[in-house]
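Chemist: Protein chains in written order, with the working numbering: chain B, 26 to 360; chain F, 26 to 360; chain P, 26 to 360; chain W, 26 to 360; chain Y, 26 to 360; chain R, 26 to 360.
Don't read these hints as lab results, they were simulated from the structure. Every value quoted in this text rests on a predicted model; they were computed, and no experiment measured them. It cannot be assumed that every hint is accurate.
No copy labels: a pair is met if it fits in one copy or bridges any two.
Said to hold, decoys possible - Cross-link-like lysine-lysine pairs, in silico, BS3-like; alpha carbons within 25 Å at most:
1) K131 with K344
2) K195 with K131
3) K195 with K109
4) K216 with K257
5) K257 with K131
6) K109 with K216
7) K319 with K109
8) K59 with K109
9) K344 with K319
10) K344 with K195
11) K195 with K257
12) K344 with K216
13) K59 with K257
14) K109 with K257
15) K216 with K319
6 protein chains.
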Amino acid sequence: MTSPDSAATDARTVRATIVQASTVFYDTPATLDKAERLLAEAAARYGSQLVVFPEAFVGGYPRGSTFGVTIGNRTSEGREQFRKYHASAINVPGPEVDRLAAMAGKYGVYLVMGVIERDGYTLYCTVLFFDSQGQYLGKHRKTMPTALERIIWGFGDGSTIPVFDTPVGKIGAAICWENRMPLLRTAMYGKGIEIYCAPTADSRSIWQASMTHIALEGGCFVLSANQFCRRKDYPPPPGYTFAGTEEDHSPDSVVCAGGSVIISPTGNVLAGPNYEGEALISADLDLGEIPRAKFDFDVVGHYARPEVLSLVVRDHPTKPVTFTSASVNPGGPQP
Amino acid sequence: MTSPDSAATDARTVRATIVQASTVFYDTPATLDKAERLLAEAAARYGSQLVVFPEAFVGGYPRGSTFGVTIGNRTSEGREQFRKYHASAINVPGPEVDRLAAMAGKYGVYLVMGVIERDGYTLYCTVLFFDSQGQYLGKHRKTMPTALERIIWGFGDGSTIPVFDTPVGKIGAAICWENRMPLLRTAMYGKGIEIYCAPTADSRSIWQASMTHIALEGGCFVLSANQFCRRKDYPPPPGYTFAGTEEDHSPDSVVCAGGSVIISPTGNVLAGPNYEGEALISADLDLGEIPRAKFDFDVVGHYARPEVLSLVVRDHPTKPVTFTSASVNPGGPQP
Amino acid sequence: MTSPDSAATDARTVRATIVQASTVFYDTPATLDKAERLLAEAAARYGSQLVVFPEAFVGGYPRGSTFGVTIGNRTSEGREQFRKYHASAINVPGPEVDRLAAMAGKYGVYLVMGVIERDGYTLYCTVLFFDSQGQYLGKHRKTMPTALERIIWGFGDGSTIPVFDTPVGKIGAAICWENRMPLLRTAMYGKGIEIYCAPTADSRSIWQASMTHIALEGGCFVLSANQFCRRKDYPPPPGYTFAGTEEDHSPDSVVCAGGSVIISPTGNVLAGPNYEGEALISADLDLGEIPRAKFDFDVVGHYARPEVLSLVVRDHPTKPVTFTSASVNPGGPQP
Amino acid sequence: MTSPDSAATDARTVRATIVQASTVFYDTPATLDKAERLLAEAAARYGSQLVVFPEAFVGGYPRGSTFGVTIGNRTSEGREQFRKYHASAINVPGPEVDRLAAMAGKYGVYLVMGVIERDGYTLYCTVLFFDSQGQYLGKHRKTMPTALERIIWGFGDGSTIPVFDTPVGKIGAAICWENRMPLLRTAMYGKGIEIYCAPTADSRSIWQASMTHIALEGGCFVLSANQFCRRKDYPPPPGYTFAGTEEDHSPDSVVCAGGSVIISPTGNVLAGPNYEGEALISADLDLGEIPRAKFDFDVVGHYARPEVLSLVVRDHPTKPVTFTSASVNPGGPQP
Amino acid sequence: MTSPDSAATDARTVRATIVQASTVFYDTPATLDKAERLLAEAAARYGSQLVVFPEAFVGGYPRGSTFGVTIGNRTSEGREQFRKYHASAINVPGPEVDRLAAMAGKYGVYLVMGVIERDGYTLYCTVLFFDSQGQYLGKHRKTMPTALERIIWGFGDGSTIPVFDTPVGKIGAAICWENRMPLLRTAMYGKGIEIYCAPTADSRSIWQASMTHIALEGGCFVLSANQFCRRKDYPPPPGYTFAGTEEDHSPDSVVCAGGSVIISPTGNVLAGPNYEGEALISADLDLGEIPRAKFDFDVVGHYARPEVLSLVVRDHPTKPVTFTSASVNPGGPQP
Amino acid sequence: MTSPDSAATDARTVRATIVQASTVFYDTPATLDKAERLLAEAAARYGSQLVVFPEAFVGGYPRGSTFGVTIGNRTSEGREQFRKYHASAINVPGPEVDRLAAMAGKYGVYLVMGVIERDGYTLYCTVLFFDSQGQYLGKHRKTMPTALERIIWGFGDGSTIPVFDTPVGKIGAAICWENRMPLLRTAMYGKGIEIYCAPTADSRSIWQASMTHIALEGGCFVLSANQFCRRKDYPPPPGYTFAGTEEDHSPDSVVCAGGSVIISPTGNVLAGPNYEGEALISADLDLGEIPRAKFDFDVVGHYARPEVLSLVVRDHPTKPVTFTSASVNPGGPQP
């Protein structure tokens with residue numbers, strides 16, 4: 026550990042790529058095809074070891090939809106819209122997960138993929154993790170959806186806040202405004218996160234402040250991946266309508282402007298933010314930056330005050346119904 | 026599962042038929058013959074994929090009997106009545122189960138059949154499940170008999186509350202007033218029930234309120250099957266006497282008025298209730314209604330609060346005597 | 026308790042009144058004035074001992090609002106709308122709670138009042154309980170808001186699911202679609218609820234089925250109180266706009282049709298449902314009906330199977346931050 | 026331990042009295058008055074140290090009633106009958122329990138009393154235990170009612186099968202046909218029972234065989250107390266009707282013939298059986314008979330084969346709803 | 026099984042005979058000859074389908090012997106006495122077993138025979154079962170010898186507590202005071218025993234109470250067979266001496282008084298008890314009595330509380346030495 | 026509070042000023058004079074209701090000092106430097122605190138002042154709070170000094186993390202890199218902080234990201250005050266030397282560049298950052314922005330998951346020595 030060689034080892038560098046691209050909306054097989062093309066390009070052109078996709082890349086982020094809901098009312102059109110959205114989601118595990126795992130193995134990359142997960146009839150905004158050997162590692166379910174998302178997605182519990190210790194670093198993810206939750210971030214800091222993935226749907230410039238802050242606070246690399254969507258990436262009306270917006274209705278009008286970015290543990294922007302279009306955004310992550318940054322500030326180490334401030338994370342699964350016989354698990358495996 | 030086609034698949038429709046008919050009392054072979062005629066008709070006339078029979082169709086519901094019991098007393102006539110009732114029940118597995126399985130296979134329907142099960146000298150009010158390939162799938166034993174039923178039927182345990190994942194949907198059953206048990210229903214919701222069968226002996230109009238409520242609560246189709254019995258469906262006195270009733274004693278007087286009904290997950294009555302006579306009651310179940318309804322309310326998904334309220338289901342078998350050698354099982358197999 | 030007289034005592038009768046009326050929207054003092062007028066009338070005209078108001082009577086149910094929210098977007102108008110709604114809510118305890126307590130004492134009634142509770146900057150849909158001596162007894166916070174309500178109201182925890190043992194019976198409340206939650210209902214059954222209040226905002230006829238079912242399931246009286254609102258009960262545009270509705274925009278058009286109802290433990294409708302207008306709906310509750318009904322079905326007594334199905338209620342308060350010194354409680358007292 | 030004196034100590038003798046008498050039906054205060062008169066007489070005339078009353082002495086055994094129940098039907102008269110019966114039952118703890126405790130203390134006797142216990146709206150057939158200092162010791166709830174009793178009484182769980190170690194010996198109770206349950210008896214043998222109380226409602230001569238067998242099997246004294254009731258001990262019709270009996274309807278006709286008996290561990294009948302009328306039946310219990318009998322046969326000692334046959338008693342309370350906060354216990358304390 | 030005829034079948038009747046007779050002591054071939062004579066008579070005179078012999082009929086019950094044992098001492102005479110007793114016992118399987126099987130086949134009866142089994146140098150008090158086709162079915166070894174029996178007999182394990190399902194009913198056996206063991210009896214109840222054989226050596230009148238109790242408890246027929254022995258049935262002194270008795274020493278003095286009895290499931294004595302002499306005691310067993318009795322009380326069915334009280338039977342063979350190669354089974358076949 | 030007027034009240038506006046200025050180093054009285062001048066100006070020119078000073082304004086931030094410390098060594102010069110620094114600090118309470126309180130009262134402002142607090146021979150980096158009536162409210166001690174600060178300042182405990190509920194809003198403070206501590210921030214969020222003061226010594230541009238993030242995360246106004254220091258603000262060498270810097274040594278060279286800023290709850294920069302020189306930086310804080318922002322994200326309200334993630338704050342004083350007599354409290358009053 027202390028030889029010159031080990032120092033070199035500690036200072037290993039990881040090539041990472043963020044995918045900034047749009048879902049093929051309501052067409053999950055085509056979305057998976059697109060994911061594979063992007064993954065192949067990241068591997069071939071950039072030699073990436075780690076590829077991070079945006080929130081809800083598989084299944085889609087139904088921006089501008091209302092699902093027919095107002096306070097105290099629903100519509101049958103909104104219910105049918107949900108049925109279609111539900112049908113586009115994927116089971117975990119399931120055939121789409123198998124395909125994603127195979128992709129990761131084929132291109133030899135660690136893959137972090139935002140999906141809409143179907144568990145019975147409730148959906149979750151989930152991030153899946155795969156290793157470069159083609160194995161599914163586990164998942165993170167968004168613990169708290171934002172605003173109208175709360176009517177289409179359920180709430181993850183404490184059992185799916187993983188950090189995976191991999192050869193490319195300790196990897197985890199928080200989704201969109203979860204990144205604003207200080208206790209959730211601290212839970213991941215407590216697990217030693219080094220490569221903090223932040224798949225998101227927030228393309229406002231103010232988002233960059235939070236990404237920089239988290240890199241400093243956590244002493245970790247932050248990789249924020251957002252979709253870049255134009256109107257034409259969604260089905261045409263009446264299959265899809267944008268509610269409550271007075272924006273440009275032309276097919277090329279930008280619906281989600283991206284802003285994907287890679288930031289170092291000392292707060293340096295390594296790549297991005299990109300607000301131009303679909304793109305692969307890559308950077309070399311010098312893992313030696315982590316101890317350099319933690320020397321200043323180690324949020325769960327020398328800079329913590331555990332005798333004053335302590336966080337309790339209830340990370341056992343919570344289910345409305347549990348069966349004492351072990352074999353019944355209708356909701357699929359937990360990581 | 027997630028292609029546009031799969032959305033169409035999710036919206037698949039199942040033709041279901043409820044049988045509203047009477048047992049041939051004290052004549053189990055004749056009852057099975059009648060079951061077969063009804064099944065054949067459901068398949069031929071309605072093209073049914075799923076057929077649900079009432080509670081205790083095989084073995085019979087001895088309405089109006091007292092079995093000679095008062096508080097602190099019994100009669101030898103009552104004991105003899107029980108002996109005959111016991112003799113009309115069926116073993117599970119056993120030859121009658123084999124015949125029912127063969128019927129389901131012959132007509133290519135999923136079959137849900139209420140029976141009186143004999144396990145040694147205790148009887149259970151049981152529902153049997155068969156697939157359209159002619160296989161016996163398993164059984165549900167009523168967990169809590171109502172009122173005087175407690176002197177003729179035993180109590181099922183947690184090991185026989187199955188929900189079967191079939192091509193026509195996830196099927197289970199609760200019998201008569203079991204349907205009033207919120208924790209039992211929730212156990213089935215937790216297993217993902219989609220087609221909730223409610224074989225019953227309750228023909229009061231108030232029963233409809235519970236059926237509608239369950240459809241809404243569970244976000245599932247509810248199929249409630251009741252017998253329609255006239256006095257003449259029972260043996261003449263003194264072989265059979267109705268106690269404590271001042272009803273019409275004519276052979277055509279109605280003893281059980283049916284009320285069988287099919288309700289959608291959003292609470293719409295699709296067929297029935299029928300209070301007129303023996304009948305086959307059919308409806309098309311659009312399974313797409315389930316996600317539409319669950320969008321509003323998913324009792325074990327987005328509308329649950331598992332960290333506050335959690336149900337534990339002890340679903341291992343409970344037996345007064347267990348033998349450590351595996352092969353001794355005098356009471357027949359468990360599903 | 027056990028003399029022949031006590032049998033008469035058990036059969037005591039309680040006069041109860043449900044208020045079906047509209048909030049004075051965005052004017053909390055005027056709403057409290059209206060509450061007092063209605064309470065006075067219930068006491069004077071009907072001699073009521075128990076008066077139940079609808080969900081969100083104080084603070085209002087902002088039907089038809091969207092608060093400017095679509096998936097992935099918000100508007101500043103929506104945020105301002107929330108600020109006003111937040112300003113109309115009440116702290117618990119606080120001066121409005123004191124006024125309500127004084128009203129209950131003045132008219133000598135047990136009072137169950139739906140309010141919007143302000144706890145810092147999060148709101149809760151809450152029911153307050155007061156005794157006829159003018160004491161505040163405690164509160165129930167809705168544990169799970171429905172659909173768009175999830176963006177304006179927080180989620181109650183297990184510490185506010187009270188049942189109060191009073192001289193007019195054991196009283197508790199579940200709000201609107203909480204009534205569809207079987208485990209929540211069972212928690213209240215487990216506390217022995219006898220007078221089950223169901224303040225609601227659901228005026229569909231299908232709501233009646235659930236109310237009847239709950240009365241049967243719980244063996245309790247069900248008192249469902251809903252608002253009756255016309256368009257003119259809300260401020261005129263642009264102060265208030267109804268989104269996504271193609272309804273009659275005349276001032277007298279009905280926005281919420283009521284349907285308040287009182288049902289006995291055996292499922293008999295004692296008063297209502299009223300879909301005509303603002304009204305006081307009264308009935309005599311013969312508490313002797315409870316043992317008569319429980320003889321048939323006691324959901325947490327003789328009809329339970331606790332060794333198979335058991336519900337765990339985590340009824341300790343859950344807070345994101347707790348301070349080990351006892352006196353710091355920024356969110357107000359818990360019952 | 027081994028001195029001659031200790032042998033004398035071991036051979037201590039206890040004076041025990043069984044009360045064979047009738048409830049004052051539907052009049053619990055009068056029944057308690059009668060209990061006190063009988064207790065006073067047992068203490069004064071016989072110097073009894075231990076007095077055992079029959080099953081359901083307080084609350085009553087409604088022999089010959091049907092509560093209007095037939096298979097599939099109920100009557101409103103039956104429900105009202107239950108309401109009255111429910112009103113005659115007692116809460117545990119409660120004022121009647123306090124009175125019984127005071128009686129035991131006043132007359133300085135260990136008291137074993139059969140009661141009907143009211144827990145919410147479910148009743149239990151319960152035996153209460155009191156010490157000679159006037160303390161309530163605990164209770165046994167009948168675990169399995171017989172026949173029609175199952176519609177009026179709930180089922181006790183494993184937490185109320187106590188054996189109390191007292192200066193007059195180790196005392197417990199099994200009620201009526203519970204005495205036929207070999208596993209329940211063995212649970213009490215396993216707790217070291219020495220004075221086995223068998224309050225009952227079975228006056229058939231065949232009952233004596235079971236009492237003798239239990240004395241031999243358990244190596245314990247058996248004290249079986251039954252009521253002696255005449256028709257006139259019940260209210261006159263229509264307040265009370267005997268169903269399904271062709272017996273003598275005169276006021277003096279015997280409804281329950283007693284048969285109370287005291288048997289030694291070696292199977293000797295020490296007093297009774299008495300089939301003549303109300304009576305106090307007394308005997309001296311030479312506790313030295315217990316080791317003499319166990320020398321022959323010690324059912325849970327030298328004559329057990331625990332490596333082959335072992336009984337598991339789940340003696341934790343089972344409740345349909347549990348609250349994680351300790352203080353909520355609507356059902357009263359558990360022994 | 027379920028036709029009206031099957032009800033008749035369920036009510037089938039079995040003719041059973043108990044043999045009350047003495048071993049020809051120390052002469053096993055003569056004892057077998059005597060057995061055959063008695064069997065022939067039972068078949069010819071009574072048309073018996075089932076014949077039950079007493080405990081230790083083959084090999085003998087050495088009543089009155091001490092085998093020279095006092096606390097802390099033995100004698101060489103006692104050792105020689107054991108050698109002779111050991112020589113009179115039989116191997117299982119072995120030629121005497123073959124002869125017994127042939128007898129059963131010849132007379133077409135189900136045969137239940139008490140024997141002394143020799144397994145190496147340890148003896149067991151065993152009951153053998155044969156079918157009417159002349160097949161040996163299996164054996165029961167007494168699990169717990171009484172008092173001094175413990176110096177001449179070993180202890181059976183849980184692998185030899187069989188219940189055989191035969192055309193004449195489900196048959197098993199418990200020997201002498203094993204019948205006092207509630208867990209052993211429950212093991213047999215758990216296997217569904219219908220014809221409960223109780224070969225014994227206890228001729229006290231109190232034995233009848235236990236037999237009646239077991240019939241009621243188990244809901245089964247009880248057939249208790251005892252030897253009737255006079256002094257002259259034993260060899261004359263000094264070949265055989267009775268220790269510690271001051272009885273009549275005349276050759277005709279009764280050493281064991283019989284008391285064999287047949288009891289129905291409802292506790293009715295069908296034949297016996299006979300205390301007069303050697304005899305064949307016969308009765309018709311109406312198997313319909315079993316469901317009639319179980320209607321009242323089904324010890325392992327509707328009257329069990331398996332979730333509270335559960336018996337575990339370790340019914341695998343236990344041997345002091347086991348060999349990992351599968352084929353070693355020195356003790357003969359297991360049922 | 027709930028009238029339409031109260032909505033206006035909720036939208037009240039507060040004028041706030043940040044002081045960006047330098048300590049008069051090693052001259053505490055002169056520093057207090059300077060503080061008063063700045064305070065007077067803020068009140069007079071801007072009408073400020075709230076004035077916030079930088080970290081260590083009184084006592085000074087000894088930037089560039091090493092206090093003679095290297096790993097394993099100290100120097101006597103460093104010790105003397107600490108003696109002088111210790112002498113410039115102030116006791117709390119004490120005469121300087123009284124003077125500051127008087128100033129606040131004189132100018133009618135809420136005052137938040139960074140000081141170096143002397144507690145015996147340990148110093149703390151502390152913020153003092155005063156109300157506009159001239160009352161000292163309490164203090165916050167920096168809980169975790171950064172890097173070399175750890176050799177001159179002690180660590181604050183959990184008892185000095187106050188949030189004061191004042192007419193200008195709920196006010197608290199975190200000092201410099203404490204602002205990076207997510208659990209400390211959450212403790213203040215849990216107390217309802219609305220005006221979050223961040224006195225600092227960090228003038229890097231990256232600091233702005235954290236300030237913006239905190240405003241969003243906490244839904245609060247953030248007021249970050251830093252000193253603006255030139256070389257000449259420190260004593261000349263050798264009285265003061267800057268270690269390890271190759272910077273411009275001219276008197277006007279900037280040692281600390283300020284960057285003070287005011288940010289709204291939605292992340293808008295209201296004033297600053299100023300990197301130009303000493304300045305008063307002012308803005309109007311529209312408190313209505315808080316509910317508008319919390320509608321989106323309420324970190325301890327609707328966006329928390331307390332059942333998964335909960336922070337425990339041990340906010341009792343921790344002292345190395347406590348005296349059991351109650352009156353000992355050497356550290357001054359606690360909030």
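Chemist: Does each hint fit the structure? Answer for all of them.
Modeler: Tested hints:
{"no.": "1", "hint": "K131 with K344", "result": "neither (36 Å within a copy, 41 Å between copies)"}
{"no.": "2", "hint": "K195 with K131", "result": "within (22 Å within a copy, 36 Å between copies)"}
{"no.": "3", "hint": "K195 with K109", "result": "between (36 Å within a copy, 20 Å between copies)"}
{"no.": "4", "hint": "K216 with K257", "result": "neither (41 Å within a copy, 40 Å between copies)"}
{"no.": "5", "hint": "K257 with K131", "result": "neither (31 Å within a copy, 52 Å between copies)"}
{"no.": "6", "hint": "K109 with K216", "result": "between (37 Å within a copy, 23 Å between copies)"}
{"no.": "7", "hint": "K319 with K109", "result": "between (47 Å within a copy, 13 Å between copies)"}
{"no.": "8", "hint": "K59 with K109", "result": "within (20 Å within a copy, 43 Å between copies)"}
{"no.": "9", "hint": "K344 with K319", "result": "between (37 Å within a copy, 17 Å between copies)"}
{"no.": "10", "hint": "K344 with K195", "result": "between (28 Å within a copy, 20 Å between copies)"}
{"no.": "11", "hint": "K195 with K257", "result": "neither (37 Å within a copy, 38 Å between copies)"}
{"no.": "12", "hint": "K344 with K216", "result": "both (23 Å within a copy, 12 Å between copies)"}
{"no.": "13", "hint": "K59 with K257", "result": "within (16 Å within a copy, 53 Å between copies)"}
{"no.": "14", "hint": "K109 with K257", "result": "within (19 Å within a copy, 37 Å between copies)"}
{"no.": "15", "hint": "K216 with K319", "result": "within (15 Å within a copy, 29 Å between copies)"}
Comparing the model with each numbered hint stated earlier shows that hints 1, 4, 5 and 11 do not hold.
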